[in-house]
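For reference, the chains in residue letters:
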Amino acid sequence: MSRNKSLWNKEFRDAAQAVSWNRREFLRSAAATCAAGTMFGFSPLRAMALPPSQKVVVVTFGGGARDEETFAPEGQENIPNLMKTLVPQSTFFDQVINQGILGHYVATASLATGVYETFDNFAAVSPDHPTVFEYFRKGLHRPAGDTWVVAPSNGFNGIGTSDCKGYGQGAGVILPKQLLRTALPLEGDGQYSHLLLDNYEDPYYVPPLAGHEFHLKQLDQVLRLSVTDFMQHAMTLSSADELSVYIAKQLMRHLAPSLLWITLHDMDIAHSGAYSLYIEGIQRSDRLCAEIWSTIQSEPEYAGKTTMFVLPDFGRDSDFDAGGNGFQHHRTGDALSRTTWLMVLGPGIREGMMVDRPVTSLDLVPTIGAKLGFATPLVQGKRLEEVL
Amino acid sequence: MEPAQLQARDFKGYPPAAQKLIVNHLDLVRQLPMVFVALLLREVKGYDWRFPAERRVIDAQFAYLQSLSAAQREDVLRTFAEIHLPHDVRSIDWVKNTQKFLDGLTKSLWATHQIDAFTAAATRYTAAWNKAEPEPAPEMPRLSIVVFGAGLHYKGYPLFRKLRPHGVYVPQVDGTNGWQEILNVVLARASKMPTPYRHFYIDGGRADPAATGHLSTTSYEGMKPVREAVLKQIHEIIASGHGGPEQLRTRMAELTPRELAFGSNVHDEVMHRFEVDVQTEGSGTQIFSTTFVMWSAREALRRAQPYTTLLRYAPRQRELPMNEMLSSKSKSAGVDAEGSVMDANIGAFYTWVDQQRLTGAEQSSFLAWSEEHAEAVIIGPDMPRGTVAGNSLTVRQMLMQIA
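Line order of the protein sequences matches chains L and R.
Residue 12 in the working numbering sits at position 12 of the first sequence, and the numbers go up by one each step.
Residue 16 in the working numbering sits at position 16 of the second sequence, and the numbers go up by one each step.
These are calculated hints, taken from the structure and not from any lab test.
Don't be surprised by glycine CBs; every beta carbon is placed ideally from N, CA and C.
There could be a bad hint or two in this list.
[What the hints assert, rightly or not] Listed below are the simulated DSBU-like cross-link pairs for lysine-lysine, each with C-alpha atoms no more than 35 Å apart in a straight line:
(1) Lys131/R with Lys162/R
(2) Lys192/R with Lys96/R
(3) Lys155/R with Lys84/L
(4) Lys165/L with Lys100/R
(5) Lys232/R with Lys382/L
(6) Lys84/L with Lys165/L
(7) Lys138/L with Lys84/L
(8) Lys84/L with Lys217/L
(9) Lys382/L with Lys217/L
(10) Lys96/R with Lys131/R
(11) Lys138/L with Lys232/R
(12) Lys192/R with Lys45/R
(13) Lys12/R with Lys96/R
(14) Lys12/R with Lys107/R
(15) Lys107/R with Lys165/L
(16) Lys249/L with Lys382/L
(17) Lys155/R with Lys131/R
(18) Lys12/R with Lys84/L
[Unchecked claim] Label pairs and their in silico Cβ distance ranges:
(19) Thr236/L with Ala333/R: 14 to 22 Å
(20) Ala374/R with Glu385/L: 24 to 32 Å
(21) Thr182/L with Glu228/R: 53 to 61 Å
(22) Glu385/L with His235/R: 51 to 59 Å
(23) Glu228/R with Gln232/L: 28 to 36 Å
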């Protein structure tokens with residue numbers, strides 16, 4: 001089935017439009033309480049005189065959140081930072097369709113390659129198509145340290161570099177939970193096994209580590225962080241996503257990579273069926289997104305020259321689809337689980353602009369390529385001209 | 001192997017009733033597409049310990065397929081026949097290793113973007129056979145009651161937000177003797193219509209010993225040995241170094257009540273199989289009591305189609321934040337009263353939704369009551385929608401409206 005044919009299946013298109021219409025209306029309803037009065041109008045083209053973006057930070061708002069718990073009226077209380085701080089400063093795409101496999105690793109890999117990857121979600125493999133990190137390094141002749149991925153540990157160790165011939169030089173990958181596992185004393189491993197659970201989608205899955213992942217000894221060499229300091233800081237944090245953001249900040253401070261990709265994942269605890277923990281995960285992701293944006297504003301290497309993309313990998317099932325169990329999973333492939341959003345912030349980005357037209361999650365990579373000035377020849381997506 | 005090649009001996013490993021059923025319909029089965037047969041076999045394999053309502057569904061599908069002409073069958077199952085399967089999936093012995101084949105099928109459907117077409121075909125097929133062999137109306141109007149038990153408290157949390165538009169919200173409930181009143185109603189219904197597996201009681205803590213008679217009862221406390229046995233099996237397989245997800249799933253599917261701490265005390269294999277399924281197939285049922293209640297209720301409603309469903313949520317264990325785990329300060333997780341309220345709140349909504357999927361939905365009733373919040377919502381055929389009760393009501397008064 002061709003991508004276009006699949007995407008424009010009328011039934012799906014109508015459902016996707018309904019989802020995005022609701023999201024749009026929800027945001028409009030919230031406009032009155034928004035600090036930025038310009039949220040739904042065009043702001044002046046103040047960015048035209050600014051230089052092009054020099055750095056990009058991508059944050060995936062994972063793993064999987066529904067409108068009901070985020071942009072719907074009853075969900076907005078869970079995302080105060082997105083609603084009041086980030087959305088008003090962003091160009092917001094309200095209909096981002098993901099027609100790929102709804103498993104977190106394979107979906108995130110598809111975001112990173114601009115092609116719907118089709119490998120087994122529970123296999124620790126590299127994507128088949130070149131990643132944005134490889135395009136970036138090849139196109140701009142950048143060194144290895146200029147692009148990094150910070151991700152949960154469920155098999156994401158292969159995401160930095162593809163198996164595609166002619167490529168192969170991608171991003172360094174840091175898996176904070178794996179670092180923690182390595183740093184823990186042996187006797188503690190069993191005690192912390194729940195914390196270090198690799199994923200919630202398939203609790204039986206224990207991926208082997210291989211490839212380009214970041215090793216414990218590099219903490220000191222690259223991040224100038226001793227294992228003791230790492231562990232002590234970990235003890236002040238309440239979740240794995242907080243640890244990821246902490247590592248990302250260390251990277252930004254010490255290496256200042258031009259292309260940084262942070263995958264949040266706490267909310268995927270929804271698979272355990274505990275709604276309250278899923279909500280906590282959303283609230284934490286909301287706070288961490290604002291924290292990352294704030295760090296971008298305060299770090300001299302990033303301030304004023306960084307574009308941030310925030311998007312979920314996909315949604316979760318509807319309460320009313322008989323094939324699922326509502327928020328708990330993303331198994332049905334219904335419109336709610338496939339239709340998400342994207343916000344883009346930074347210099348040159350029109351603030352408070354909403355884009356109603358349908359776009360796809362594959363459009364991220366060519367847009368980053370256009371933003372930073374490198375080619376992405378094998379992608380299936382298209383550039384999002386609204387943010388270029 | 002193609003379905004046309006199937007022989008009775010291929011089903012020798014199946015349990016007796018399942019084997020008899022499939023062999024009796026072998027001529028029909030040989031004419032069906034492979035993917036469809038595998039899906040059917042998954043259901044048939046458990047026939048010996050399925051609930052009566054599930055057996056009826058399987059029987060009705062055979063009757064429906066048998067009633068069609070060859071051309072009609074081909075038409076209704078065309079999409080299943082057109083699904084393209086990779087060689088490695090086709091080569092799996094789908095009669096013996098049905099679940100492995102279906103896992104491969106699922107991956108393939110997603111990878112090749114055939115999942116939407118498959119879902120649409122399954123929906124069309126289900127609608128067609130449901131129309132031809134409609135589910136009988138329940139022998140009595142269905143009733144679900146969800147109780148947020150002692151220890152579930154979250155000051156200021158807006159309860160029943162998703163349920164209120166469908167019935168009467170009661171902001172003040174006099175809960176005196178409330179649980180006993182509910183139990184009396186449930187036991188009376190079960191005595192009045194003592195059909196097996198039509199009256200369920202699921203408790204997130206310890207089951208009330210007074211809940212006897214014709215109730216099918218399961219509880220989180222009662223399942224402790226089973227949970228521990230499941231986790232032991234998982235750890236053993238992982239520790240062996242030969243346990244990928246597929247092997248683990250297969251092993252979980254093979255576990256019997258006798259292996260899972262029921263010992264020789266398997267007096268009700270149908271119910272025990274159900275309990276084992278909740279532990280081995282449910283996600284989070286082994287960790288959180290709230291998930292155990294929510295998922296057990298979903299599966300009971302989907303599979304057994306009960307007339308009465310009584311759920312009581314108890315506080316679940318707290319999820320320790322990372323810093324507490326690392327510092328080892330908390331040896332015991334303790335309970336999360338507030339989180340449990342949120343979990344029970346969405347669970348109550350899902351139970352109502354699941355009940356509404358069943359026949360007789362327009363006559364079904366529903367009550368959710370929080371003991372500690374002293375709030376409730378009542379939904380029923382004679383109850384106005386989206387209204388708020390002006391007075392305080394006792395639990396008995398609420399039950400009189402719907403039971």
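Hints not upheld, ascending by number: 2, 5, 6, 7, 8, 9, 11, 17, 18, 20 and 21
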